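Chain order of the listed sequences is A and B.
Residue numbers 1 to 111, in this note's numbering, belong to the letters of the first sequence in order.
Residue numbers 1 to 114, in this note's numbering, belong to the letters of the second sequence in order.
To be clear, the hints were calculated from the coordinates, so they are not data collected in a lab.
Careful, some of the hints might be misleading.
Claimed, not checked - Per label pair, the in silico range of CB-to-CB distance:
hint : chain 1 : residue 1 : chain 2 : residue 2 : range
1    : B       : Gly40     : A       : Arg59     : 24 to 30 Å
2    : B       : Gly63     : A       : Arg66     : 33 to 39 Å
3    : A       : Pro10     : B       : Arg110    : 19 to 25 Å
As the list claims (entries may be wrong) - Pairs of lysine-lysine residues, derived as DSS-like cross-links and limited to a Cα-Cα distance of at most 30 Å, are as follows:
hint : chain 1 : residue 1 : chain 2 : residue 2
4    : A       : Lys45     : B       : Lys57
5    : B       : Lys71     : B       : Lys9
6    : B       : Lys14     : B       : Lys57
7    : A       : Lys2      : A       : Lys45
8    : B       : Lys14     : A       : Lys98
9    : B       : Lys83     : B       : Lys9
10   : B       : Lys71     : A       : Lys45
11   : B       : Lys57     : A       : Lys42
12   : B       : Lys70     : B       : Lys9
13   : B       : Lys9      : A       : Lys42
Predicted model only: the values in this text are computed from it and were never measured.
The beta-carbon is built from N, C-alpha and C at its ideal position, and this holds for glycine as well.
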Amino acid sequence: RKEVEQDPGPFNVPEGATVAFNCTYSNSASQSFFWYRQDCRKEPKLLMSVYSSGNEDGRFTAQLNRASQYISLLIRDSKLSDSATYLCVVNGLAGGFKTIFGAGTRLFVKA
Amino acid sequence: DGGITQSPKYLFRKEGQNVTLSCEQNLNHDAMYWYRQDPGQGLRLIYYSQIVNDFQKGDIAEGYSVSREKKESFPLTVTSAQKNPTAFYLCASSGADGPLSPLHFGNGTRLTVT
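Excised from the complex, chain A in its bound form:
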């Protein structure tokens, strides 16, 4: 089983749609969680951190469920510019530094 698993997609949605991405992680000692966005042939960029209480940034909402070891990202009112790959990232300290990237979920938003 991979340490961080994401649905690879691709997700094809029309503009204005709501889309949700899921991510599961295997290390229960994981300490911090993030969503990154990566455009084609570019570096990943931090989209948002994920907190146990859930957090929102404009059209984006992130949730963390530690009991189920599950992270989600919800994008409301999708824009064409949201088309990208979304990476789930998990940091843990069990046995030393460990940052694990999911393979990413590809999103295409169409007009």
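Given the coordinates of chain A, work out where chain B should sit on it, guided by the hints.
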């Protein structure tokens, strides 16, 4: 503006040659990292350094070497021992909380070895 600078953006080399990728940061971050990304795949950790003059192997260190003589700089050498060096290489740094902090990435070096 603070950030991470990787150079060059594109690099072409012949098989059997060593090549060094540059990474400089002015974010005053202690920790720096090198990742490799292959098409359609996730990032894999090559080496990381949490403090000057110290570094540790990541998951795929074979065929690579690094140095950390200055806080700002963390160059990566891809040696001829690396069997499949063609890839997108990303340098990153993280701040005060170390592994609990998000990573900040440079814009990457795309290496092609023929």
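Hints, one by one, checked against the model:
1. B/Gly40 with A/Arg59: 24 to 30 Å: 27 Å, holds
2. B/Gly63 with A/Arg66: 33 to 39 Å: 37 Å, holds
3. A/Pro10 with B/Arg110: 19 to 25 Å: At roughly 23 Å between Cβ atoms, B/Arg110 and A/Pro10 fall inside 19 to 25 Å, so the hint holds.
4. A/Lys45 with B/Lys57: 24 Å, holds
5. B/Lys71 with B/Lys9: OK: B/Lys71 and B/Lys9 at ~22 Å, within 30 Å.
6. B/Lys14 with B/Lys57: Holds. B/Lys14 to B/Lys57 sits at ~26 Å (cutoff 30 Å).
7. A/Lys2 with A/Lys45: 23 Å, holds
8. B/Lys14 with A/Lys98: 33 Å, violated
9. B/Lys83 with B/Lys9: 21 Å, holds
10. B/Lys71 with A/Lys45: 22 Å, holds
11. B/Lys57 with A/Lys42: 25 Å, holds
12. B/Lys70 with B/Lys9: 22 Å, holds
13. B/Lys9 with A/Lys42: With a Cα-Cα distance of about 11 Å, the restraint between B/Lys9 and A/Lys42 holds, given a limit of 30 Å.
Hint violations for this structure: number 8 only, all remaining hints satisfied.
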